[in-house]
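Enquirer: Going down the list, the sequences are from chains A and B. Going by numbering that gives the first Met the number 0, 105 is the number at position 106 of the first sequence; the sequence numbering is gapless. Going by numbering that gives the first Met the number 0, 40 is the number at position 41 of the second sequence; the sequence numbering is gapless.
Certain hints may be false.
Said to hold, decoys possible - To give a feel for the contact side, a few chain B residues facing chain A, derived at Cβ under 8 Å:
1) Cys285
2) Pro303
3) Ile304
4) Met417
Said to hold, decoys possible - Have a look at the derived ranges for each label pair, beta carbon to beta carbon:
5) A/Ser34 to B/Glu306: 15 to 23 Å
6) A/Ser180 to B/Ala309: 29 to 37 Å
7) A/Ser172 to B/Lys390: 24 to 32 Å
8) B/Phe374 to A/Ile52: 19 to 27 Å
9) B/Ala335 to A/Lys299: 28 to 36 Å
10) A/Lys299 to B/Phe374: 31 to 39 Å
11) A/Ile52 to B/Ala380: 31 to 39 Å
12) A/Ile292 to B/Gln254: 22 to 30 Å
13) A/Lys13 to B/Ala335: 47 to 55 Å
14) B/Pro395 to A/Val115: 51 to 59 Å
15) B/Ala19 to A/Ser172: 16 to 24 Å
16) B/Tyr30 to A/Ile292: 37 to 45 Å
17) A/Pro178 to B/Thr426: 52 to 60 Å
18) B/Ala335 to A/Ala45: 23 to 31 Å
Hints listed in this document are in silico derivations from the structure and should not be mistaken for laboratory results. All C-beta atoms in this analysis are idealised placements derived from N, C-alpha and C, irrespective of residue type, glycine included.
If you want the building blocks of each chain, they are given just below.
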Amino acid sequence: MASVIGDRIPSRAKLAARDARRKLNSRLFEVWLWSMGVLITLAILAVIVTIVIKGLPAMNWEFLSTGPKEGMKEGGIWPMLRGSILLMIGTLLIVLPVGVFGGVFLAEYAGTSRLVTLVRACVVALAGTPSVIYGLFGLAVFVLLITKHTSLIAGCLTLAMFALPVIVLTTESAIKAVPESFVEAGVSLGMSKWQVIRKVILPAALPGIVTGLVLSTGRAAGEAPPILFTAGIYYSTAKLTFDLEMFKKPVANLPYHLAEGYRQGSVIPEKIIWGTCLTLMLLVLLINLAAIIVRARARKRQVW
Amino acid sequence: MKRLKLRDLPAVALVYLSGALVVLVIVAIFYYLAHEARYAFDRPFPYGYRFSLQSPILEPDPYTGQVLDDLTVDPNATLLAANFEGDDGIDEKEEGAPMATLEELEGYHPFGTGSAVIDSLDDLNPQELFRDNWKQAKDATKGDRFILFAFATQEYTQPTMKLAFQPDAAFSPKDCPFDIKLRVIRTPNGIEVEPVEIDLIQNPSGKIELPTWIAKSDEERTNGYVFEMVVTPKKSNFTATIAGFFKTDWAPTLQYPRYGFVPLLLSTMLMALLALAIAVPIGLACSTYLAEIAPARIREWLKPIIEMLASIPTVVLGYFGLMIVAPSVVKVFSQAIGMTSGRSFLTASLVLAFLLLPTVISIGEDALRAVPSSFRDGASALGFTAKETIKKVVLPAARAGVVATVLLGFARAIGETMIIWILSGGTAVMPSIDPVKTLAGPTRGMTDTIAIEMGNVEFEGPHYGHLFMIGLTLFLITLAINLIGYAYGRKRKWLAS
Numbered sequence: 000m001a002s003v004i005g006d007r008i009p010s011r012a013k014l015a016a017r018d019a020r021r022k023l024n025s026r027l028f029e030v031w032l033w034s035m036g037v038l039i040t041l042a043i044l045a046v047i048v049t050i051v052i053k054g055l056p057a058m059n060w061e062f063l064s065t066g067p068k069e070g071m072k073e074g075g076i077w078p079m080l081r082g083s084i085l086l087m088i089g090t091l092l093i094v095l096p097v098g099v100f101g102g103v104f105l106a107e108y109a110g111t112s113r114l115v116t117l118v119r120a121c122v123v124a125l126a127g128t129p130s131v132i133y134g135l136f137g138l139a140v141f142v143l144l145i146t147k148h149t150s151l152i153a154g155c156l157t158l159a160m161f162a163l164p165v166i167v168l169t170t171e172s173a174i175k176a177v178p179e180s181f182v183e184a185g186v187s188l189g190m191s192k193w194q195v196i197r198k199v200i201l202p203a204a205l206p207g208i209v210t211g212l213v214l215s216t217g218r219a220a221g222e223a224p225p226i227l228f229t230a231g232i233y234y235s236t237a238k239l240t241f242d243l244e245m246f247k248k249p250v251a252n253l254p255y256h257l258a259e260g261y262r263q264g265s266v267i268p269e270k271i272i273w274g275t276c277l278t279l280m281l282l283v284l285l286i287n288l289a290a291i292i293v294r295a296r297a298r299k300r301q302v303w
Numbered sequence: 000m001k002r003l004k005l006r007d008l009p010a011v012a013l014v015y016l017s018g019a020l021v022v023l024v025i026v027a028i029f030y031y032l033a034h035e036a037r038y039a040f041d042r043p044f045p046y047g048y049r050f051s052l053q054s055p056i057l058e059p060d061p062y063t064g065q066v067l068d069d070l071t072v073d074p075n076a077t078l079l080a081a082n083f084e085g086d087d088g089i090d091e092k093e094e095g096a097p098m099a100t101l102e103e104l105e106g107y108h109p110f111g112t113g114s115a116v117i118d119s120l121d122d123l124n125p126q127e128l129f130r131d132n133w134k135q136a137k138d139a140t141k142g143d144r145f146i147l148f149a150f151a152t153q154e155y156t157q158p159t160m161k162l163a164f165q166p167d168a169a170f171s172p173k174d175c176p177f178d179i180k181l182r183v184i185r186t187p188n189g190i191e192v193e194p195v196e197i198d199l200i201q202n203p204s205g206k207i208e209l210p211t212w213i214a215k216s217d218e219e220r221t222n223g224y225v226f227e228m229v230v231t232p233k234k235s236n237f238t239a240t241i242a243g244f245f246k247t248d249w250a251p252t253l254q255y256p257r258y259g260f261v262p263l264l265l266s267t268m269l270m271a272l273l274a275l276a277i278a279v280p281i282g283l284a285c286s287t288y289l290a291e292i293a294p295a296r297i298r299e300w301l302k303p304i305i306e307m308l309a310s311i312p313t314v315v316l317g318y319f320g321l322m323i324v325a326p327s328v329v330k331v332f333s334q335a336i337g338m339t340s341g342r343s344f345l346t347a348s349l350v351l352a353f354l355l356l357p358t359v360i361s362i363g364e365d366a367l368r369a370v371p372s373s374f375r376d377g378a379s380a381l382g383f384t385a386k387e388t389i390k391k392v393v394l395p396a397a398r399a400g401v402v403a404t405v406l407l408g409f410a411r412a413i414g415e416t417m418i419i420w421i422l423s424g425g426t427a428v429m430p431s432i433d434p435v436k437t438l439a440g441p442t443r444g445m446t447d448t449i450a451i452e453m454g455n456v457e458f459e460g461p462h463y464g465h466l467f468m469i470g471l472t473l474f475l476i477t478l479a480i481n482l483i484g485y486a487y488g489r490k491r492k493w494l495a496s
């Protein structure tokens, strides 16, 4: 009989061996996952470091503060940098009210009916719509229908549309993260719904909202397809001005400069291209960094 | 909670307005893409045939020694054509070359052909004879009729001569929405021939043998053989445009443009699939590490770095691919698969895969984190190891989320423009069955075609309209994928029961 039981139930030694094998197996699996995580991180760092190293030789104050010379063979990129910053500010100003109010609508006023689920799904789908589609839309509506030619304002509007869905979503989730007890406290003081939103929810959700705004505006500023047909100009010797007329004219900017520079062939020397790439990357990264710092500081002060 | 106070009204109205605006945006995008795409349907479908008389015994060219058989380079061949974009047509404004006179042909060529802008032979004006005849652009629902005169000069001695015909340049009769027939409508006095009627769509090129007829004076040039090319519409402009859109040849700048977008669609899809095949396993492994194994401190370091990649502008990544990745890809593969240029399907897919990593990692991590920790507690109570917990409990529970990750990554990949533009090589070709040839060769997707060609296109013309058709298709595809992905992402299997 003992032999029968011995067949059915593995011996203690066998069990221990199997457990050891399972543990080893699991350990190897963990190492594999770890190595993937490390590999990806290192690859990303390598790309960023390469761009920085290749771009640094071109970088100096003159490069950032003067215009191109000798048909772009030499000189700096100030007009494009200025254009990118202008586009970004314009986009932020347009998208700020619509995006934040849209997020408030979704979070507080929309409820949970089927129609609203559809609206939310649409916003999510818009957030995943390719940027070149926004470029086409901007061309058809803001350029050909409204202003009749490419302009800074058309570019800002197009980029604002591109950034809008992401901002609505981040605003919504920032608002949803505000604890229910805050709202209840507001209500118990006899505040109206809008008062609760303005005095309680929005201040509490502000860091999250600002982070979302800044992140997606930064991303929009680096995106080339939306402004390809709506705002870009390649090489202009026209004098730069700061006035209202500026909004009606096309504007040189960094992503367009790189894209159009590629289309036109190897006019711009490699060194300047790397410098332009680095400037554009740093522009977006610094904005993101600012957003991350805002978020981190807000978290430290967070009381809930 | 008090519902609404009067002085809150403007603010609340603004909130509702913003909500409505967001919805409006999606409708507006669809509407305006479709609105501009309609210009594709205004397209005139150009067609053109060349005609020339030849001797039955073709003599070689004295200079090159080649027998001249290509009528498109024959300076005496007559072109009967219509619907060219931008041309007004000989019947409207533009001047055509006059029909060759006997004096001009003397000692040079024994045959002449020509045409006239008339509807009936009775209207013939001897002052208005042209070598070619092209007519102004018309809708594909309208047909046309061309007259063709053919004669030999007194230098010609053979008893018979041949009328040779062939489609002009890159004109492809197969894709043409017209029925085009060639008939003899008059023979010279004293010569009888069997009635000739040739279907120029079925037999686009060929020769008809005829008894020789010689014009003795310039007035007699129109008394010889008279042919007519009758063009009747077969399809409406709409169906012809749609049919042309689903062909496999994208050549929009030719004189006879072709707008078949299938190669662009296939290339985009295949590049996205290859990129996903690389990015999903690596990315999901990374997100599993971040969600299940990594200690909080390491996670705090890794997450921002991965998010940093998401914020590198794609045009910068494209240039990075062009100047760093492409040369190394060529170095590695030039011997193995005969790759000559770094701008290829493979390079574009590799950089695209890299771009997808942050998307895949962050959505995948969210999907895994959504699995309740009670599942993991249960697994560890049963004595599962980390591997068993992940493979047998967490991943199956998060299956819908993983599907969403793949779908949303796919939508991101097919919508990417700059990387494909800079790295794919820019040649619109059908992907080959031979995978090596496809991988090593250049290609072109939908997004970069829009971005490249919209820069030098005539606004509100057919090419412009077709680019918007591609945009509309892309929009609908990504919309569908995103909606399905969103639905999957919201699924919580453990809440169902």
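Enquirer: Are B/Cys285 and chain A close enough, Cβ to Cβ, to be under 8 Å, as the hint says?
Expert: Holds: closest Cβ of chain A sits about 5 Å from B/Cys285, inside 8 Å.
Enquirer: State, for the Cβ atoms of A/Ser172 and B/Lys390, whether the hinted interval 24 to 32 Å holds or is violated.
Expert: holds, 31 Å
Enquirer: Could you check the hint for me, namely that B/Tyr30 and A/Ile292 are 37 to 45 Å apart, CB to CB?
Expert: holds, 41 Å
Enquirer: Taking the Cβ atom of B/Ala19 and the Cβ atom of A/Ser172, is their distance within the range 16 to 24 Å?
Expert: Holds: the Cβ-Cβ distance is about 21 Å, inside 16 to 24 Å.
Enquirer: Using the beta carbons of A/Ile52 and B/Ala380, state whether their distance is inside 31 to 39 Å or not.
Expert: violated, 51 Å
Enquirer: Double-check B/Pro303 for me: the hint is only fine if its C-beta lies closer than 8 Å to a C-beta in chain A.
Expert: holds, 7 Å
Enquirer: Classify the hint on B/Met417 as holds or violated, based on whether any CB of chain A lies nearer than 8 Å to its CB.
Expert: holds, 5 Å
Enquirer: With respect to the beta-carbon atoms only, verify the hint that B/Phe374 and A/Ile52 lie 19 to 27 Å apart.
Expert: Cβ of B/Phe374 to Cβ of A/Ile52: about 46 Å, so the range 19 to 27 Å is violated.
Enquirer: Just to be sure I understand the hint, the distance between the Cβ atoms of A/Lys299 and B/Phe374 should be within 31 to 39 Å; is that true here?
Expert: Because 32 Å falls inside the window, the suggested range holds.
Enquirer: A/Lys13 and B/Ala335, beta-carbon distance inside 47 to 55 Å?
Expert: Between A/Lys13 and B/Ala335, where Cβ atoms are some 48 Å apart, the hint holds.
Enquirer: Tell me if the beta carbons of B/Ala335 and A/Ala45 are separated by a distance inside 23 to 31 Å.
Expert: holds, 24 Å
Enquirer: Holds or violated: the 22 to 30 Å window for the beta-carbon distance between A/Ile292 and B/Gln254?
Expert: violated, 59 Å
Comparing the model with each numbered hint stated earlier shows that hints 8, 9, 11, 12, 14 do not hold.
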